Every structure is written in structure tokens, then in C-alpha cells.
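Chemist: So the chains spell out like this:
2 protein chains.
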Amino acid sequence: MHTRYLEDFSVGEKFRTRGMTVDESEIMDFARKYDPQPIHTDVEAAGAGPFEGLIASGFHTACVIFRLWVDLGLMEKSSLGGPGIQDLRWVLPVRPGDTLHGEIEILEARPLKSRLDRGVLRYHTIGYNQRDEAVITFDSASFLKRREAVSA
Amino acid sequence: MHTRYLEDFSVGEKFRTRGMTVDESEIMDFARKYDPQPIHTDVEAAGAGPFEGLIASGFHTACVIFRLWVDLGLMEKSSLGGPGIQDLRWVLPVRPGDTLHGEIEILEARPLKSRLDRGVLRYHTIGYNQRDEAVITFDSASFLKRREAVSA
Numbered sequence: 002m003h004t005r006y007l008e009d010f011s012v013g014e015k016f017r018t019r020g021m022t023v024d025e026s027e028i029m030d031f032a033r034k035y036d037p038q039p040i041h042t043d044v045e046a047a048g049a050g051p052f053e054g055l056i057a058s059g060f061h062t063a064c065v066i067f068r069l070w071v072d073l074g075l076m077e078k079s080s081l082g083g084p085g086i087q088d089l090r091w092v093l094p095v096r097p098g099d100t101l102h103g104e105i106e107i108l109e110a111r112p113l114k115s116r117l118d119r120g121v122l123r124y125h126t127i128g129y130n131q132r133d134e135a136v137i138t139f140d141s142a143s144f145l146k147r148r149e150a151v152s153a
Numbered sequence: 002m003h004t005r006y007l008e009d010f011s012v013g014e015k016f017r018t019r020g021m022t023v024d025e026s027e028i029m030d031f032a033r034k035y036d037p038q039p040i041h042t043d044v045e046a047a048g049a050g051p052f053e054g055l056i057a058s059g060f061h062t063a064c065v066i067f068r069l070w071v072d073l074g075l076m077e078k079s080s081l082g083g084p085g086i087q088d089l090r091w092v093l094p095v096r097p098g099d100t101l102h103g104e105i106e107i108l109e110a111r112p113l114k115s116r117l118d119r120g121v122l123r124y125h126t127i128g129y130n131q132r133d134e135a136v137i138t139f140d141s142a143s144f145l146k147r148r149e150a151v152s153a
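Protein chains in written order, with the working numbering: chain A, 2 to 153; chain B, 2 to 153.
Treat the hints as calculated values from the structure; they're not laboratory data.
Small disclaimer: the values here were computed from a predicted structure and weren't measured.
Hints should not be assumed to be uniformly reliable.
[Unchecked claim] Dumping the calculated DSSO-like pairs for lysine-lysine here, alpha-carbon to alpha-carbon at most 30 Å:
| hint | chain 1 | residue 1 | chain 2 | residue 2 |
| --- | --- | --- | --- | --- |
| 1 | A | Lys-34 | B | Lys-146 |
| 2 | A | Lys-78 | A | Lys-146 |
| 3 | B | Lys-34 | A | Lys-34 |
| 4 | B | Lys-34 | A | Lys-146 |
| 5 | B | Lys-34 | A | Lys-15 |
[Stated by the list, open to error] Quick look at which bits of chain B chain A covers, simulated, 3 or more residues with Cβ under 8 Å:
| hint | segment |
| --- | --- |
| 6 | 16 to 25 |
| 7 | 37 to 48 |
| 8 | 65 to 74 |
| 9 | 101 to 111 |
| 10 | 130 to 136 |
In this text, a Cβ means the ideal position worked out from N, Cα and C, and glycines have one as well.
Put together the whole structure using the sequences plus the hints.
Modeler: Structure representation (C-alpha cells):
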């Protein structure tokens, strides 16, 4: 897909990403760096733990789904960073071999009054596994360039 | 520090993590995997971009601060995973060479009525840079074991 600017998004519009399989070595590699808890880094300890097996760090799941969204290329030339994330929920554990994809729905595409060259895009993301079960949901936002800066 | 169970936390209690320096290669390595946008992966393009230089992915900043919290070891034997994150804000960009630390304040430590062996710990996290400027804030939660399961 090609870069879109703020005006090119419509409220209610939906996008679906490609899938990505998360394997055991990637789960453990991510967790050793960013979430070194035994349920993410130690197969044996995780097997005896509350999830009865190794699960991905919730931060890892969020990062994979966000990466798939970035890969759509919609914001490639228009993104100006993001203000944050609202209400991120880890709904189900992600296990080695799960194949994740994201579905993103546009909630708002609003020009900023304070900066005439940009606006805020808000969107709801759901990450699904290969059984089409939601594993993560979050609302986030990006600042996007407008197609043409508007005069005051 | 030693593992704490739900009852060992008090509302208003504060913790400070050690610092961790985020260098250019780590920023680019993370971003190539999880947030491949030029402002995070391409020094030259980032220099001409909205932040006038390479900045860390906001997801990377969140992961580094969370890792420093995990490293305190408070939840090492008591964590049962987490339900999610509320209201994550990227306040200032993180640049190569910045040294980050986290300050965490306990908001709530509440036993669950539905599961007598555990409760919910809610906490507010602020990530600071070496100039003591807040770069990220978020509220998150963990399910923690109680010291002893309570009979109904």
C-alpha cells in the first residue's frame, strides 16, 4: 500500500495485516532483553508455572502487532510520531508457533488547530492468533502530515 | 530486592530502578524488528525528519523501562502475568546515549474475590532521562500471588 496522509483515512475504515509466526527462540530472545521473567525465558519453569508453558511477553505481542501495522506502509512518509496508547489489554497468552495478524479500525482523523501541517489519527488495533482469537487489543494514535498544509 | 507478594506492597510506596543507557545500535536493532520507520532506523533520514535526529521507538522506550522494573526482582516469584496498560504517553523523544531509569508508584494492591490465591497490583510508572525529564508515563497492572491463599 502507499503512504496516506491524514485526509486519506476515513472513520470506520479497516485494515488487515499479514501474519507473522512467533517462535520459541524469538520469544526467549525478546524476553531476555526486555522482560526477563521465567514464564518468558525458561521452558521448564514456564511449564510448571501459571500458563503451563512458555508464553510471549505481552510487550513482545504488542511490538509484533505494531510492526505488522507499520509494514502496511500507510504511514511511511506521513508519520510524525505518536502521543501514546490507551487501554492496552492482553486477552489471551501467545505461545511458541502462534501466527499473529492485526486488524486496525480508524477511530478518528482530526486536523490539529495548533499545527496546521498535521493531525491526529486514532485507531483501534486487535491482534489475533491463527484460531482468530483476539490476543491483544489497544487504542493508539499517530501524528500524521496533512496532504497540504492549510493556511490559517 | 526480594520477591514480594500482594500483601507486601503499600499504596503510595515508590521504587526507583537502576539506569540503562540506550545506544544508537540498540535503537536501530529494536526498530528493524518491531518498528521499522526511518526516524528509528536511518540516521540520515531521521536527521532530516521531524525530530532532527534518530529517536528510539516508543515501544522500545516502554520495553526498556519495563525491563528495569522487572530487574528489581520484586515480582520474581509472585507474578502471574498482567491484564494490560492504561494511558501510556510518550512525553519526550529518547535519543542515542540517553540514560533512562524508572520510578514506580503503587496505586492499588487489591485481593481478587474470584481467585483467592491472587490479587491485582496497579502501579504508575514514569521513565526519566539523565536530565530527570520524564520521557514516558504509563499505568499498568500485574496479577500477584498472595503470601498465603485465603480460605473462602
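Chemist: Find the hints from earlier in the document that the structure breaks and name them by number, from lowest to highest.
Modeler: Violated: hints 6, 9 and 10.
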